[in-house]
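Kindly generate the complete structure, drawing on both the sequences and the hints.
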Amino acid sequence: MPSGREKFSTPQGMKDLEMKEGRKEYEEEKGESEEDKSVDEVPVREERIDKEGNEELQRLLQKTEKYFNKERESRETPFNELLDRIEIQTAFRNGGHYRSFHGDLNEAKALVSDFHKRLKGEELNKITPEQLKEFSLLEVRDVLEKSREQKDIIRSLWYEAFREYLNRRSFLENRYVGPNEIAGGLLRNLDDFFDESSYAREQFLSEYPEISSIFDRFKIAQYPRTLEIEALAKTDLREKRSSSPDEVKDYILKLHSSNEALRREDDDFLDMLLGIETDEVEGKIDFQKLADEFPREEFWGSGFSWTPYELIRKFIKELDLGSEDTLFDLGSGYGRVPLYASLTTEAKCKGIEIVPERDEVAADAAKTLKLENVEFIPGNVLDQDYSDGTVFFLFNPFSVETLEKVNEKIKEIAKKKKIRLVSYGPSTSFFMDEDWIREIQPEDDRGDSWGLKIFESI
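Residue numbers (my numbering): 22 to 479.
FYI, nobody ran anything at the bench for these hints, they're computed from the structure. Among the hints, a few may not be true.
Pairs of lysine-lysine, BS3-like flavour, derived with a Cα cap of 27 Å [unchecked claim]:
1. 426 x 437
2. 338 x 388
3. 432 x 335
4. 335 x 438
So the derived label-pair ranges between C-beta atoms look like this [claimed, not checked]:
5. 343 x 256: 35 to 41 Å
6. 302 x 460: 31 to 37 Å
7. 438 x 381: 28 to 34 Å
Note that this is a predicted model, so its numbers are computed, not measured. We put the CB at the ideal spot given by N, CA and C, even for glycine.
In structure tokens form, the structure reads like this:
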């Protein structure tokens, strides 16, 4: 076992030593050191919180497992409960570092109230590790009787408190306080999905064990029983889609008329609800084969983000599509836009997708939901006829060369009838320079050359 400076002979080790010495200096200035701290100060509260954390985890598992006892045996799970179960899972998967386990409503209200008092008193830096640890037992979703907007405010406040706390720890280690983004980066470097062998991380957590539990909530997403529950929930949802497609449609229509913001976890949830299951499919796509077949095209893998449902809902509302319209999604991926539009409008909806595996998922989803006003067409957009289209959507799907050719095809269609075009992503800047169309979306969106824009032919 190396000792003294031998332990810190590597560049990383020297940095660790400097951090330790900086911390010691800081403690001496405060008039305290590790030796001055009584061993009796720590364990009682820590043990209580750890015990409560384990109890909360068990409560959470019991809450989700109940769906798979008599409810699952009878196969009569109410639709709303099924949706709630899926939403719980997607929330866990995407909750990040600042969301946590199911908690007690009164405790949540008390902690949030205390935090508000500290915030108003400009005492943000006095949030203690113990308070953060208690908050790690809470699930923001369970702050009931509050709107989504109010919940988001609470979450953002705790997010700021968490980063302030990390910055204080950073100062303790290296006498440096950076912007909040740096504190957030420190947090990411400590999470359970990064290299466990990092000596700096291990040392940090060993010196500040109270931080460890803040990351424990991540484990729920990878807990074997949780994954099993999610798989069973997906199975039940597939059956529900097939046997009761009208319930899915009613849910989407209510969501469409709502003004509540849709976020990343909602996108995953809606994909699951519509039958768009991408993970397994993406792993089977032969991108090299596609590149060989279409050498001038660009193919995006599983890390690519599809069009957010928040934006889909926004432009579908603004377009006010009717039965006389035909919407084409050129480069439709897994069919989010055509599926959503077919569920919320009377328009005919069509998607053209060059990756056959993705097109097949979209077509299967439409078939399961018994949608008669949507069609998915596999192939290259340059080889397809979309002259019956009145509305065209593009999310930067092609190479520049293909985009120019598609533009010419749509331009020819526009010579015979009025058309509208919706663009999202880098392709937007291309269409902003075209003289045969003009922007028609609200004034406050005009500045973003990569954002969502709606055009009409002149």
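Quick one: which hint numbers does this structure break? Sort them smallest to largest. none
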